[in-house]
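Here the structure of chain A is known, so what remains is to put chain B in place on it, guided by the hints.
Spelled out from the first residue to the last, the chains are:
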Amino acid sequence: MKKTADAVIIGGGVNGVSIAYNLAKRGLTNVCVLERNYLASGSTGRCGAGVRAQWGTEMNLRMAMASVRMFETMNEELAYDDDIEFNQGGYLLLAYTDAGWEQFRKNVVLQKAHGLSVELLTPEAAQEVVPHLNTEGLLGATFCPTDGHCNPFKVTDAYAKAARRLGVEIYTNTTVTGIAREGDRIKGVETTGGFIATPVVVNAAGGYSQDIAAMVDLDIPTYSERHQILITEPVEQMQRPMVMSFHHNLYCQQTPHGSFLMGLGDPTEKPGRNTEASWQFLQEMAEKITWLLPPLRDIRVVRQWAGLYNMTPDATPILGPVEQVSGFYLAVGFSGHGFMLAPAVGVLLAESILGQETEIPIGPMGLGRFARGELFKEPSVV
Amino acid sequence: MKPDENTIICRCEDLTLGKLRELIAAGYTTLDEIKRISRAGMGPCQGRTCRALIEREIAVMTGTPIKEQAPAKYRQPSKPVTFSAILGGEPHEKDS
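Chain order of the listed sequences is A and B.
Under this note's numbering, the first sequence has 218 at position 218, and the numbering climbs by one with no breaks.
The number in this note's numbering is simply the position in the second sequence, starting from 1, with 1000 added.
In isolation and in its complexed conformation, chain A is listed as follows (with noise of 0.2 angstroms):
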């Protein structure tokens, strides 16, 4: 294991190899990925693999964006041997109260603004879109057909293999237990594998973000929930786009590879990090997505996981550096969008670690904005 390293990333998800990668390729290439388990093990590779830019605030709507265009060419970016799977069918969000519609509205005004191609729908074109949509009590959709799906695995195996080879060392199976300071400067990492001497840390821990930032003796915000997922047999092609209901809180992809994936937000979920699945989700979710999308009743379910959101109170994530700490840097709050963002979170961390004005003005994303009361409050999450 490396002695010394100029920066230390916690977290071997998507977030934690695309900063090193994006710090590599600028040159910071003694750089070092710490994973307690293995690549993708936690919040990566337990989510619902969907990416979109269709967001209501204006920093993740830029921010997923950009993340987008990144994957429509990460495989030749990334000189990937494989195939990160990005296929943009579309999300199609349904709408079922007036305060839904309108929120729809004022977000397709913000995403035209900023050049996103994104339709307001009638029920009867929803289901244009989506044949088997059953429309019942439908007000109204909105539908980009540039979003779509990715596979997180080869997403992060991707920016791992490019990451390596500008020379960033990833060590997995290696689990922090401490981070060392000199004053309110950053000095190493402490971890069953020994010391790294490091003046930059960065937080991308996902579910444990919180934990890591105790050790240097900081109290963020966010908190970790339990989120559930099903996915089903491989079946022919019958639906291109994501089907998302905030109003049920679900979502529902055909995945390139034919099965249905799908998720359930649960308002009665505690924080904490319990990864069971439930007999109720399953329960649930038929019900759900029996009503919604009907001809789905004759798919079998062969597997259902869990994973953790790590929540914001805006659910925005938090990033870039903080004040109390100097060389200490946050990516972390996700709440459950890390994946889609992953491409532009590694740029933007890259540029801010490295001193360099970010292509998305950070500031406001900052741990700061909590004690100045300048919340995001991001309308559109399951």
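Source of the hints: derived by calculation from the structure; they are not laboratory data.
Glycine residues also receive a C-beta, built at the ideal position from the N, C-alpha and C atoms.
Please note that a few of the clues may not be correct.
[Unchecked claim] Simulated restraints on C-beta separations:
no.: 1; chain 1: A; residue 1: Ser-326; chain 2: B; residue 2: Glu-1005; range: 51 to 61 angstroms
no.: 2; chain 1: B; residue 1: Arg-1011; chain 2: A; residue 2: Glu-119; range: 39 to 49 angstroms
no.: 3; chain 1: B; residue 1: Arg-1056; chain 2: A; residue 2: Leu-375; range: 48 to 58 angstroms
no.: 4; chain 1: B; residue 1: Ala-1070; chain 2: A; residue 2: Arg-165; range: 19 to 29 angstroms
no.: 5; chain 1: A; residue 1: Arg-165; chain 2: B; residue 2: Lys-1073; range: 51 to 61 angstroms
no.: 6; chain 1: A; residue 1: Lys-187; chain 2: B; residue 2: Gly-1063; range: 30 to 40 angstroms
Here is chain B on its own, set in the frame of chain A:
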């Protein structure tokens, strides 16, 4: 008969012995990692056939005996089941 590189290890996802050996040699040395990068064990049978074969090949190539390998998680449902079958049962009686 000797197994060759084209022998199918995962029948659901068409993983061959040759591909499996490539993955292990490239550093994917646990069942969990191989499952995630290749989809082996993610099909309708949920790894009933390939799990043991992959574990054995990891043992042969890495020298880590099966009993010392981290076991991959078994996930429900244990058999594929349609949504309509899930909904087919009577609702649970509420406490009176």
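Take the C-beta atom of A:Lys-187 and the C-beta atom of B:Gly-1063, compute their distance, and say whether it sits inside 30 to 40 angstroms. holds, 38 angstroms
Starting from the range 48 to 58 angstroms, see whether the pair B:Arg-1056 and A:Leu-375 falls in it by beta-carbon distance. holds, 53 angstroms
Does 39 to 49 angstroms hold as the CB distance between B:Arg-1011 and A:Glu-119, or does it fail? holds, 43 angstroms
Taking the Cβ atom of A:Arg-165 and the Cβ atom of B:Lys-1073, is their distance within the range 51 to 61 angstroms? The hinted range 51 to 61 angstroms is violated for A:Arg-165 and B:Lys-1073, with Cβ atoms some 32 angstroms apart.
A:Ser-326 paired with B:Glu-1005, Cβ distance criterion 51 to 61 angstroms: Holds - the Cβ-Cβ distance for A:Ser-326 and B:Glu-1005, about 54 angstroms, lies within 51 to 61 angstroms.
Please check whether B:Ala-1070 and A:Arg-165 have a Cβ separation lying inside 19 to 29 angstroms. holds, 28 angstroms
Checked against the numbered hints listed earlier, the structure breaks hint 5 alone; every other hint is satisfied.
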